[in-house]
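Which chain is which? The protein sequence lines are A and B, in order.
Under our numbering, the first residue of the first sequence carries the number 1, and numbering increases by one thereafter.
Under our numbering, the first residue of the second sequence carries the number 1, and numbering increases by one thereafter.
Keep in mind that the hints were calculated from the coordinates and are not lab data.
Be aware that one or more of the hints could be misleading.
Pairs count within a copy or across copies, as identical chains cannot be separated in the list.
[Stated by the list, open to error] DSBU-like mimics (lysine-lysine), calculated; alpha carbons at most 35 Å apart, straight line: (1) Lys235 <-> Lys8; (2) Lys32 <-> Lys143; (3) Lys8 <-> Lys18; (4) Lys173 <-> Lys148; (5) Lys173 <-> Lys8; (6) Lys201 <-> Lys20; (7) Lys20 <-> Lys269; (8) Lys201 <-> Lys173; (9) Lys173 <-> Lys32; (10) Lys250 <-> Lys269; (11) Lys269 <-> Lys235.
Below, each chain spelled out in residue letters.
2 protein chains.
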Amino acid sequence: MGLWYTEKHRLGFGITYKIKRTLADEQTEFQKLELVDTEAFGRMLLLDGLVMTTVFDEFIYHEMITHPPLCTHPNPRRVLVIGGGDGGTVREVLRHPSVESVELCEIDRRVVEVCREYLPETSCGLSDPRVSIVYADGIEYVKNAEAKYDCIIVDSTDPIGPAVGLFSLDFYKSIYRALTDDGVFSAQTESPLAEPDFVRKVTHEIGSVFPVCGLYTAAIQTYPGALWSFTIGSKRCHPVNDAREVPELKGCRHYHYGLHRAMFDAVPKFARELLPDSFV
Amino acid sequence: MGLWYTEKHRLGFGITYKIKRTLADEQTEFQKLELVDTEAFGRMLLLDGLVMTTVFDEFIYHEMITHPPLCTHPNPRRVLVIGGGDGGTVREVLRHPSVESVELCEIDRRVVEVCREYLPETSCGLSDPRVSIVYADGIEYVKNAEAKYDCIIVDSTDPIGPAVGLFSLDFYKSIYRALTDDGVFSAQTESPLAEPDFVRKVTHEIGSVFPVCGLYTAAIQTYPGALWSFTIGSKRCHPVNDAREVPELKGCRHYHYGLHRAMFDAVPKFARELLPDSFV
Chain A
1 MGLWYTEKHR LGFGITYKIK RTLADEQTEF QKLELVDTEA FGRMLLLDGL
51 VMTTVFDEFI YHEMITHPPL CTHPNPRRVL VIGGGDGGTV REVLRHPSVE
101 SVELCEIDRR VVEVCREYLP ETSCGLSDPR VSIVYADGIE YVKNAEAKYD
151 CIIVDSTDPI GPAVGLFSLD FYKSIYRALT DDGVFSAQTE SPLAEPDFVR
201 KVTHEIGSVF PVCGLYTAAI QTYPGALWSF TIGSKRCHPV NDAREVPELK
251 GCRHYHYGLH RAMFDAVPKF ARELLPDSFV
Chain B
1 MGLWYTEKHR LGFGITYKIK RTLADEQTEF QKLELVDTEA FGRMLLLDGL
51 VMTTVFDEFI YHEMITHPPL CTHPNPRRVL VIGGGDGGTV REVLRHPSVE
101 SVELCEIDRR VVEVCREYLP ETSCGLSDPR VSIVYADGIE YVKNAEAKYD
151 CIIVDSTDPI GPAVGLFSLD FYKSIYRALT DDGVFSAQTE SPLAEPDFVR
201 KVTHEIGSVF PVCGLYTAAI QTYPGALWSF TIGSKRCHPV NDAREVPELK
251 GCRHYHYGLH RAMFDAVPKF ARELLPDSFV
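Using the sequences provided together with the hints, build the complete structure.
Below, the structure written as structure tokens:
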């Protein structure tokens, strides 16, 4: 039979994976970190028992959190990624030829180190000369920045423990201040099917800070609810009308320009109904 | 701990459900049929051990297989549903005021009987006077019909055992002949993420029979791959340009007119690349 790992969610539902081998298993300063090799999805990173990323399907999440904000901004040069220690989001940011610098602000140095060792396909971009890594609390780091970044991407874990503050009104206000005048931010904002009340709360908070906002979704089978959401907050640029087609994104496997233009309209009704009326 | 049911897929992946109670468990003439009450998704129908439908999220599948073809046809009056013994698709068909008759062709009488007893929210439409139920093999039933239906919906199980023939070129040719001149058909066509080769094969077969075709997706967490696909084949009407906004669909929870117009463009790149170039 072999070893199976089951991520159980509240209410009697879980996703179970056959494990070929455990490659890392440690308690870091911040969380329980495991890196396992699974039969179905290849190598997989777990933090506090929750699946963060798998080699098989990480492209869906990383392309979808990155390209919508960067294609909405007219010329993104300076980008900040908060969280995202596996490096997948940084890898996607680097596809954009306009980008001159990417800062990765990750609280847990061990996440970066373990992903560098065991997830080379995901973490490869971290060695790029345009990238600098800061090991710090994203909340404090953003608070001390002003009009500095063209795009900020909040690639956080679920809103439990240390990540709670990454889904707060004060944090969104700090992000607003840390962005330049054309600034665009995106964040993963959980599942509208599994966590509708949370999605309602978070989108209303983002909508109270940013004048132009939108929510879009992607299907990710390793996340509870499967229908996963991302929210864009923009100071000025419109995420559909101002969207640019970036030729360098031809190598993407999920994102494409037609999808970008359609994805806000393609949100299911039960998810749209959670959003402020002002969302695109 | 209680009892958990795990639907395991090939390659070491499964979805597991806490079971409160088993309501039906029998071997019918055609398949193993179980109806259980789950903690996370309410009542759930399983056929041959595979999750078919749950009270919690059946609206996603049933709205998405039904409304795109019926809103593409200018005036659907006669509709045939093949499979779909739980009645959810019939319930959605009946939202369309133009519909005068719905035939449900289900091979297994016990599926209808058990769903009528235990899934009243899903099966409610089966008692409508416009509905007639035929217990027959859908392949044979369609073969004997000619220019009879405005829409045909193939709401089948996975392409294993008795359902294999519902994913064949001959069957699509029979459907074409059974449709009127403006006829539109839809089918569930599995997951482009979990079964890319299958999706490629089936869409090319449908594309070789119908002049106007398109594929669209929905996230369904209880199906392997989570990104689920549906394919439309149409004799004449264009599924985007000819799409009608039907006011009676305001009560839907997933489908809406904006989604219909956007959903073909919102298909992820890895799924689009499986399709014939002729697809919309």
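Consistency of the hints with the structure:
no. : hint              : result
1   : Lys235 <-> Lys8   : neither (39 Å within a copy, 46 Å between copies)
2   : Lys32 <-> Lys143  : within (27 Å within a copy, 59 Å between copies)
3   : Lys8 <-> Lys18    : both (14 Å within a copy, 10 Å between copies)
4   : Lys173 <-> Lys148 : within (14 Å within a copy, 61 Å between copies)
5   : Lys173 <-> Lys8   : within (34 Å within a copy, 45 Å between copies)
6   : Lys201 <-> Lys20  : between (39 Å within a copy, 31 Å between copies)
7   : Lys20 <-> Lys269  : between (40 Å within a copy, 30 Å between copies)
8   : Lys201 <-> Lys173 : within (15 Å within a copy, 50 Å between copies)
9   : Lys173 <-> Lys32  : within (30 Å within a copy, 56 Å between copies)
10  : Lys250 <-> Lys269 : both (30 Å within a copy, 10 Å between copies)
11  : Lys269 <-> Lys235 : both (26 Å within a copy, 29 Å between copies)
Taken one by one, the earlier hints fail for this structure only at number 1.
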